[in-house]
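There are 2 protein chains.
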Amino acid sequence: MIGRKIFHAFSIFIFVIFSLSAKAQNRNSSFKIVPLGVKGGIDESNLSAYMIAPQGSNSYVCLDAGTLHYGIEKAVENNVFNASAEQVLRRYIKGYLISHSHLDHLAGLIINSPEDTAKNIYALGDCIETFKTQYFTWKSWANFADEGETPQLKKYHYKVLETGAETPLTNTEMQVKAFPLSHSNLTSTAFLVSHNDHYVLYLGDTGPDEVEKSHNLEALWQAVAPLIKGKKLKAIMIEVSFPDEQPDKTLFGHLTPRWLMKEMHQLGGMTGSLAGFKLIVTHVKPPESSIERIKAQLAAENDLKLDLIYPVQGKPINL
Amino acid sequence: MIGRKIFHAFSIFIFVIFSLSAKAQNRNSSFKIVPLGVKGGIDESNLSAYMIAPQGSNSYVCLDAGTLHYGIEKAVENNVFNASAEQVLRRYIKGYLISHSHLDHLAGLIINSPEDTAKNIYALGDCIETFKTQYFTWKSWANFADEGETPQLKKYHYKVLETGAETPLTNTEMQVKAFPLSHSNLTSTAFLVSHNDHYVLYLGDTGPDEVEKSHNLEALWQAVAPLIKGKKLKAIMIEVSFPDEQPDKTLFGHLTPRWLMKEMHQLGGMTGSLAGFKLIVTHVKPPESSIERIKAQLAAENDLKLDLIYPVQGKPINL
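Protein chains in written order, with numbering that gives the first Met the number 0: chain A, 0 to 318; chain B, 0 to 318.
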């Protein structure tokens, strides 16, 4: 009897300790990311999309929107939200940041639009133009936006981002700064999301500067290096689409493990040690054998000792 | 010991009987349909797409292509094919019949195109035009087809269907005849697929003639009525998007149970009894509560005693 009471008291003690430490962790952590889709192709149920909000807030934006509904359902099954899938789409997602106009980065937004609520779509001018001419048209869908073909259903408001300018993300406590990326024939975008001087950097599809004959990544690394040195940048989310065997001439504006690590070395040259820095690897392209090869190659080539994180659909990442 | 032998012999006997009866069933049945996606919205993992082939053949075409990869994976898990998901996409699907240009009927085709093999896309002229101007463009994807923006990667060949003409489906033993349907601002398509004087009729999205101010469904019923009377039409696949509570003015070119049954009564007036005729109900729109209501209403309003079939993703239907 006494033994059981002691056990009971001990259990409560352990519970309190755990709760406090979880709270402390939440206080230290800056952002919550909920991956809705993590792959760079062919699986319609799992294409690039990441909800992000400050810890403790339910006011998210979505970084790309390849798959929404199926990813939200997975997260709801995992008890990530205290809400139904319908509420997460309608109430928790306050806006969409779209990196570029390829279908695998925005199909979920189009498909879910009839059930969605009014919100902003943030992107660079080129990408917004493609929304107007290719997607929210009456031949391919309905025009749920407030510009482009008439009639306009005016559910979505386009917010054209100017590179380098800080833009508040409406109905959230976050801001965003956009940087151009080179993605073959398209301009893609990196989004630097901030809250209370904490930052996360999300890159849409991008090739390496050397292959793309560009300085976009170099300029981006220069812009964020001070934030890394100041320990304000909590993570970089960056694509690795193909394993190293993919020839440079068929990269189609994407990265391999080798090219990623070359870019990280350039970044490290500006910041000093990147050991333990969180790198969230996005846009891995099926088949599964290829994804496994990417992971093995990244592990083998990680002399910088980066903290490599592979996001899983519906499983939150606390930064 | 003798008991065990008798049991053994009996087991073999039962197995042989079952095998023979399965074979006999296959000989009588005409088509195999493998649903890859069955819903009319928001779930990116389950949008309209149906593989169809003559029984015993692995040379399929796909009727619409909203979701491919995820549906193929489900079917492979269910042992529907003696092949990998990759082989099913690349080798078993010989072409795509696209009913109209809304994204939820073709997103899977676009997303899977980098992994696909050369094949035909069959559609009416309007729909092919939208492929060229909206989807297989270099802003929204890459041009994997042989017409439209340059460069053309020439994996897909567009086959413009003429309404009422019989067109062979290349690399299969089937033919198709296309009929126009009225779907709000778009022309949608009904595909009459045939093999050895057996037929299946698949309808893309369509509103009722009365709401659409059209005679397209009436003309279609007139065309297929003789095939029903001759017992050559094995099934009709037709949409029911909303429950009866949806007002006519917000049908957006879709059917409800009540409107479907009204159309079936018109068809029945041309054919005589439709009792036992197979009606495969497609494009039910989430939420689940709404789908349940559609099913209950169809059951209640089924005075014609149609054999109502609700396709399940990855589960074959033998006709």
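Mixed in with the good hints, there may be bad ones.
Note: identical chains are not told apart, hence a pair may lie in one copy or across any two.
Unchecked claim - Listed next, the in silico DSS-like pairs over lysine-lysine satisfying Cα-Cα at most 25 Å (straight line):
1) K158 - K138
2) K153 - K304
3) K31 - K314
4) K304 - K118
FYI, nobody ran anything at the bench for these hints, they're computed from the structure.
**Prompt:** Can you name, in rising order, the numbers of the hints this structure does not satisfy?
**Reply:** 2 and 4
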